[in-house]
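2 protein chains.
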Amino acid sequence: MAYEFKIERSAAPKVKESLRGSVFGTRFTDHMFILDYDKGQGWHDGRIVPYQPITLDPAAKVFHYGQTIFEGLKAYLTQDGRVLLFRPRSNIKRMNLSNARMSIPSIDEELFLEALRQLLVVERDWVPSEEGTSLYVRPFVIATEAVLGVAPSHQYKFMIILSPVGAYYSEGVNPVSIYVESGYVRAVPGGVGEAKTAGNYAAGLQAQEEATAKGYSQVLWLDGVQRKYIEEVGSMNVFFVLGGKVVTPALNGSILHGITRDSVISMLRHWGYEVEERQLSMQEVADAHRNGTLVEAFGTGTAAVISPIGELYWQGEAMKVNEGRTGDLSQRLYDELTGLQRGEKEDPFGWTVELKD
Amino acid sequence: MAYEFKIERSAAPKVKESLRGSVFGTRFTDHMFILDYDKGQGWHDGRIVPYQPITLDPAAKVFHYGQTIFEGLKAYLTQDGRVLLFRPRSNIKRMNLSNARMSIPSIDEELFLEALRQLLVVERDWVPSEEGTSLYVRPFVIATEAVLGVAPSHQYKFMIILSPVGAYYSEGVNPVSIYVESGYVRAVPGGVGEAKTAGNYAAGLQAQEEATAKGYSQVLWLDGVQRKYIEEVGSMNVFFVLGGKVVTPALNGSILHGITRDSVISMLRHWGYEVEERQLSMQEVADAHRNGTLVEAFGTGTAAVISPIGELYWQGEAMKVNEGRTGDLSQRLYDELTGLQRGEKEDPFGWTVELKD
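Protein sequences appear in the order of chains U and G. Oh and the first sequence: position 20 is 82 in the working numbering, straight run, nothing missing. Oh and the second sequence: position 258 is 320 in the working numbering, straight run, nothing missing.
It is possible that some hints are incorrect.
[What the hints assert, rightly or not] DSS-like mimics (lysine-lysine), calculated; alpha carbons at most 30 Å apart, straight line:
no., chain 1, residue 1, chain 2, residue 2
1, G, Lys101, U, Lys78
2, G, Lys101, U, Lys276
3, G, Lys418, G, Lys68
4, U, Lys155, G, Lys276
[Unchecked claim] Where chain G lies over chain U, by a calculated footprint (3+ residues, C-beta under 8 Å):
no., stretch
5, 78 to 91
6, 118 to 131
7, 203 to 211
8, 217 to 226
9, 236 to 247
10, 250 to 257
11, 266 to 274
Think of the hints as simulated: they come from the structure by calculation, not from any bench. Owing to the predicted nature of the structure, the values given are computational and were not obtained by experimental measurement. The C-beta atom is built at its ideal place from N, Cα and C for all residues, glycine as well.
Make the full structure from the sequences, and use the hints.
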């Protein structure tokens, strides 16, 4: 085998409790993967160790200058006991795009896939079987060099941690209400909006909190230059069914290259839908609402998969979408995509990858 | 005393070596300050402990969602053995502005000042005496709650670490050459550009690296909307002497509220200079260069204090400023400000604060 990782097994495995009512991302498995980087030496010393706190110098660059990226994907247990991953190679490709943008050295694709495979083999029993659950996989890189100076780090840690999860939103697949944000801006062309880097998420917290206080679950971000064009919803990509077409904002440099977004586009086209990736103004959506041609709206992301939008609040007006109910297309996409991810539906796209021991 | 912090002294103090030739921000003193935050309990358990690695869950929010802020200030040793701090109350005020923007609970000003005082009393012997050196103070807050979900953390650590430093740039007070960045964008109105948060610094790394590869020390950032108006230089504010006036970009929401910037404006006005805080286009600076009215340019920041600009590269044109030499006003500001900071010059502004045991 090309990659030999040292494996240290936990002496005190945790009890695997039911995920009913659990909060997303609060439980972790017994082991994690770590890989170190030192300038001159490259990535080295890949190892699987018991899940445990990590120890960093207080001057580590991640704390001060935010040089970090992450990924997110899910592993599912099929009814016949196989473990399926959804498009893991897309995650490592995107992770290296994020790495390049954040001046972090790239990680070999095969090494990533083998690390993920070996970790999941060790943690196979942690892939949950309850309805609507999965094992959320969080690979991430942090800059660890202890220097107070703004420059790329000479040392990093790449880690993979695993969290057994239920639904991301407490609403589940029920429609969420969305506040269209006209004041705060998430990203701008020339910035880091399309990288999965920590700072993009920190930048959205205040708007998110203010929207929550107004009774909305998520924020819809408009472009940072003209504040007219739709970018993302919270930490998801967003789609609108306008008349007979499905429209989603084009990848313009400030929008995340969502893997669920890409999957939804492929699936819709496979079903014969016309999908437009283009600039889409909030005004166009509001006009469609007024004309009765705004049929559905939904967010897409690894955590929630498909999140129907039941209401959009923009400039003083609350617009109900599909009378606040989950739309047929949102439901069909959710069912097909999660069915395919769990091996219960056909996968004509070759997206699922079975875990091999 | 209002704030009683537990003090644990290091059993193995380090040797204090000469700072000649040392790299900024790579050495740390024997102790650090830590304060914890838990939702419902508030900030608690302030303590001074030996400088040591910190231990965090790999799911700590700072690694994934970048919820963190920092500050920077300096302590100086006077020739008669006193320790002077420069405008520390401005730092805690700005820190709480950053905290508010990043949805981090604010920190009591008096607690901050007392923590800083007690830590500096313990570390008094670490304030270096060599020419051009100081003790750099780095307060920072990191989100420590171990949850993979995009929402403000329920737990934080506030820490102060100390680093004895020489010059920030290897050029010292010699002029730096600056690449005016037309492609990458640092910040945008509605974003987090005026917060001292990690993500703003990570966002600048790639542009900085590319500028370095072209032979430039720093990047000059233009506004993210029109890409016309000057914002900052690297991690400094920037000033231009245009004819008889001094011009600096106004605080517009995406520019850092520099304490050195504010000090320079006050000092210049005190000396009778006309200072304009306004929108300033790069075209206006280039025109001034062509007309011979671009007299000087310099950056201002805590780390470098005053950093003269010897060359600006913009749209294919390399513009020498003051024939590439340190300008008279840059030198005067550097001498007066560092003289005042070290207690060698009069302080008509009441900026220096003496450390009381």
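Which of the numbered hints are not met once you compare them with the structure shown?
Checked against the structure, no hint fails, so every one of them is satisfied.
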